[in-house]
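**Student:** Given chain A, work out where chain B should sit, using these hints.
If you read the protein sequences in the order shown, they are chains A and B. For the first sequence, the working numbering assigns the number 1 to the initial residue and increments by one for each residue that follows. For the second sequence, the working numbering assigns the number 1 to the initial residue and increments by one for each residue that follows.
Since the hints were made in silico from the structure, they are not lab data. Any given hint could be a false lead.
Said to hold, decoys possible - The calculated lysine-lysine pairs, modelled on DSBU-like cross-linking and capped at a C-alpha distance of 30 Å, are:
1. K179(B) x K236(A)
2. K132(A) x K211(B)
3. K577(A) x K201(B)
4. K132(A) x K195(B)
5. K214(B) x K260(A)
6. K260(A) x K258(B)
7. K195(B) x K8(A)
8. K258(B) x K574(A)
9. K110(B) x K236(A)
10. K346(A) x K110(B)
11. K211(B) x K577(A)
12. K500(A) x K577(A)
13. K260(A) x K153(B)
14. K214(B) x K236(A)
15. K110(B) x K211(B)
16. K582(A) x K162(B)
17. K142(B) x K236(A)
18. K574(A) x K211(B)
19. K162(B) x K236(A)
20. K201(B) x K574(A)
21. K577(A) x K195(B)
22. K153(B) x K195(B)
23. K195(B) x K574(A)
24. K346(A) x K201(B)
What the hints assert, rightly or not - Output of the computed footprint for chain A on chain B, the stretches with three or more beta carbons under 8 Å from beta carbons of chain A:
25. 69-77
26. 80-88
27. 117-129
28. 145-151
29. 188-201
30. 205-215
Given the structure is predicted, the values throughout are model-derived calculations rather than measurements. Cβ coordinates follow ideal geometry from the N, Cα and C atoms, glycine included.
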Amino acid sequence: MAGGYTGKILRVNLTTKTISKIDTAQYEAFGGGHGIGSAIFFDLVGDQLPFGGFDPRNVITIMTSPFSGTFMPSSGRSEVQGLGPMLYPIEWFGHSSFGGRFTSQLKYAGWDGVVVDGASSDPVWINIVDDKVTIESAKGIWGMDTWEAQQEISRRVIPNLRYGEWAELAENRFSTQVPAVVCCGPAGETKSRLGCLVHGAGSQAALCGFGGVFGSKNLKAISAIGTGGVPIADPKAFLEARLWFRQFLWDVDDPYQADKYEGRGLYSLISGQPSGGNVLNTQLPLIPARATACASCPRGCRMRLATGESNEAVCAGTMAVNVRSTQSMGGPLAPGAGGFGGGDSKLSRQGNDLMMKLGLGHWQFMPLQNYLVSLYKRGLLGKGKKIDCDLPMEEAGSMGYYDTLMRKIAARVGIGNDLSEACARFAEKYGMLQEDLNNGNLPLTYWGTMEHYDTRVEVEWGFGSLFGERDLMQHMMANYPLHWMAETGSPYLTAEEAAKMYTDAMVPYQGDPMMVDYSETGNYSDSKVKQVAWVKHYEKFWSGAGGFCGWRWPMCITNNTPDHHGPTPNAEPKFWKAVTGKDLSFAEGMATGHKIYTLDRSIWVLQGRHRDMEKFPDYVYNQKSRGNIMPMYQNGKWSYETGAGRTLDRAEVEEFKTKFYKFEGYNPDNGYPTRDTLEKAGLKKVADLLQSRNKLG
Amino acid sequence: MPEDKNKESDETTEKKRYSRRNFLVKSGTVAAVQGLVVLTPAIASATANPAAAPDKKEQVEYPASQGYLVYDSKKCAGCTTCMVSCSLAHYGVQSLSLSRIQMMQDSWGKFPYDVKMAPCRQCITPPCVENCPVGAAYVDTKNGNVRRIDSEKCIGCQTCLKMCPQQPHRTVWNHTIGKSSKCDLCLDTPYWDEKGGPGGKQACVEACPMKAIKFVAEAPNQQETEGYDVNLRNDHWLNLGLVDSSETIPPVIAERMKNAPKRRE
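In isolation and in its complexed conformation, chain A is listed as follows:
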């Protein structure tokens, strides 16, 4: 392994309290990150499936990529995988990721990843300092919120820790850095399905409920700090590639066409402007702040504020708690609650901070708070109502309300015990799930996670999620460059230009602009099948195995350069070769993405997945879309249109599924991977296991 890998993966069995190593080389064909995580999960417990997320056999992997710890742009994410208790109706083998410094510190400590299985009899945390790994008692830490726990653990790792000074971590091995800690909060400790993992002040692995899995294992945290380095196969080429990449960045001193794109508006999403991911500091007077980046990231989409509020939080981590949500649902608002972006941004900042401290996943808390207001307004929730509870719903939107609600969920107290089961199971308990899914009151469009972008129009997001196990969460696929560019009202490319340029970069399916035709017919086309496959393969390899941030990659087009060509598909293999020494083409990477996706799908099949389960709720078929602007080809010409009023067609969706399964090499009758597909991908042992279960496609 010439570069990019340390060569060993840490395995910790909490039942037996044993610490061992896995040789990374045996999994090198999966690239890193998500690929290696999937392969290890399958090898360790694939033949024992199905079982639940809180079962001690559940394996949690936190993987780095070959780029972790390097300055590969926006590669600072840690990939977390395992059975996800938040997901519905089955606790699918899921994935989530978080930014910050953990992935780089783990690499500097000499590890390509951490694999945790079993469950401890008493609360513990894992302490990684270079090669030295210990399982420590969490006495005095268990019960702490995520912020307190991380700081206490840092003090235990480096007792003489002094900010801004060198610390000797081992004999003559020094670092100025503080340990990178990822932990669950009180919500995880009670095995809440909303429980997430938190790192730093505002980085969450929000999806899948992995905080609850930590809790089920009596594992409070993993801390990593290292003094080593990441070997680079071709250092000169890597440095040159990184400097070459500058042309695609938002130039902070001299931005391209600043007069058109400057400011903290929608274009900040598209341009990659620093700090644009925190939406809670947009009103005058502004709070003094810095842009804050994950390790390696030249974007720095986060902030740290002079008030210390909403530090390092981004996107949904700054939006999950905001009074606009209750307002948009027609909910009650406490006096003085002024709405998102208004005078009560402070409330939102404080609410989001509490969410972080308690370790509640933002992507599940957001629909839950909306649903509660919906139930209250419909007279179904409150004192003496069908859902009898003492939540102060008349104060919804106030900090007091959020405080009460969140603490009840985290502690599983009263109604909080039911809410802690997350939206789908909460609604199911009260016999309202199917009705509210189908009428749109509870828009959990895919696997218990809420609708992100309107599936009826931005259909690749919907299909990409449905053919997965959770919300797609890949903004740079088509969402920012195509949807949000048009949403600004001043797109830098016409719909025709955008369709052509974007799809020219979509190797190996390049040259077919109809892949991004979001017209009613285009959304079920053979070209759309290719786009959805491209999304899944990129997600699994370049993003998943490469540890890329979905807010940066892919970059098919950009408004930061005069010709608007983005670095994709040239940058990915350029960086890969420089770091690993392997001459991997973009298309070969995508083929590995298909392999990883097929492996994931096989694991879901072992858990019970069948094409009949891959269904959208009824509301997408019977309720009209409010629109979601995208490029469309209609009546012989391209234009940006909203698609408002559209619904999906059930028969067309089923036909699309058939085409997608065939395209991917799966049996269209059941969606199972075929032996031929598995063996061509080098997954013969997976085929054998599926066959033994009568689940081979």
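**Tutor:** Quick look at chain B alone, frame taken from chain A:
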């Protein structure tokens, strides 16, 4: 080196004297430094060998470095790109511990106290050079007077680490070879073909996506806040909404407010 480049105007010389006085008085380093020297066994051993230890001279005047790194700690986003660029250019690996420029951050800190940047200051009177018992730390008069460490001569006594008055110390321990290192302004970068040093390029400067590090030829004021930690932001930065005072209105917003139609009474 052209002779005229070594000439200093009276004004510059005076400024540097002033700066040096400030530095010595402010840090109080000299007495502390000498006290520590005799307490270190490795140094005692080295100084016992006259061949290894250079003559100590009082009031040594060092020619000023012709290059310095200044930085804007309010502009830094904490991505550590500068650090891994440094280690890559010098050693071919990406490592924070080997980096000759350090940056620290506190996730829960309050701006601007949440970040500390720590490049070598190329001190006017460099304690690392003054106190190195074997002359491994030196002023490279052939290359712009950059303060450097010759790893061939370094005996690994760590004196320079202890003598550096800055926190964290700007001399950096390279545990892979058991020797000290420090910023050479990229004069010697086996893994980067660009010409470094004064007049050349520095990897951290080139790679920093926030453009928060800058090379300057003139010696900065030796006081931290006025000298090295400077304002490298312009109006484009303010237009991102990143102000350092709540009273500041980003120009792009001020312009919109000016052009906005007035509300009817």
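**Student:** Do the alpha carbons of K211(B) and K577(A) lie within 30 Å of each other, as the hint requires?
**Tutor:** holds, 27 Å
**Student:** Would the pair K574(A) and K211(B) pass a check requiring their Cα atoms to be no farther apart than 30 Å?
**Tutor:** Roughly 24 Å separates the two Cα atoms, so the pair holds.
**Student:** Compare the distance between the alpha carbons of K162(B) and K236(A) with 30 Å, and conclude whether the hinted pair is satisfied.
**Tutor:** Distance ~33 Å between K162(B) and K236(A) Cα, so the pair is violated.
**Student:** Verify the proposed pairing of K110(B) with K211(B), using a straight-line Cα cut of 30 Å.
**Tutor:** Distance ~22 Å between K110(B) and K211(B) Cα, so the pair holds.
**Student:** For the pair supplied as a hint, K201(B) and K574(A), is the alpha-carbon distance within the 30 Å limit?
**Tutor:** Holds. K201(B) to K574(A) sits at ~23 Å (cutoff 30 Å).
**Student:** Would you check the hint for K132(A) and K195(B), treating anything up to 30 Å between C-alpha atoms as holding?
**Tutor:** violated, 40 Å
**Student:** Taken at face value, is the distance from the CA of K110(B) to the CA of K346(A) at most 30 Å?
**Tutor:** holds, 15 Å
**Student:** CA of K179(B) to CA of K236(A), is that 30 Å or under?
**Tutor:** At roughly 24 Å apart (the allowed maximum being 30 Å), K236(A) and K179(B) satisfy the hint.
**Student:** Do the alpha carbons of K132(A) and K211(B) lie within 30 Å of each other, as the hint requires?
**Tutor:** Distance ~37 Å between K132(A) and K211(B) Cα, so the pair is violated.
**Student:** Is the Cα-Cα distance between K110(B) and K236(A) 30 Å or less?
**Tutor:** The given pair, whose Cα atoms are some 37 Å apart, is violated under the 30 Å limit.
**Student:** Are there three or more residues in the stretch 69-77 of chain B whose C-beta lies within less than 8 Å of some C-beta in chain A?
**Tutor:** This one holds; 4 residues, not fewer than the three required, reach chain A with a Cβ under 8 Å.
**Student:** Mind checking, does the stretch 80-88 of chain B have 3 or more residues with a CB under 8 Å from chain A?
**Tutor:** With 6 residues closer than 8 Å to chain A, the stretch 80-88 of chain B meets the three-residue bar; holds.
The structure fails hints 2, 4, 7, 8, 9, 13, 16, 19, 24, 27, 28 (numbered hints given earlier, in ascending order).
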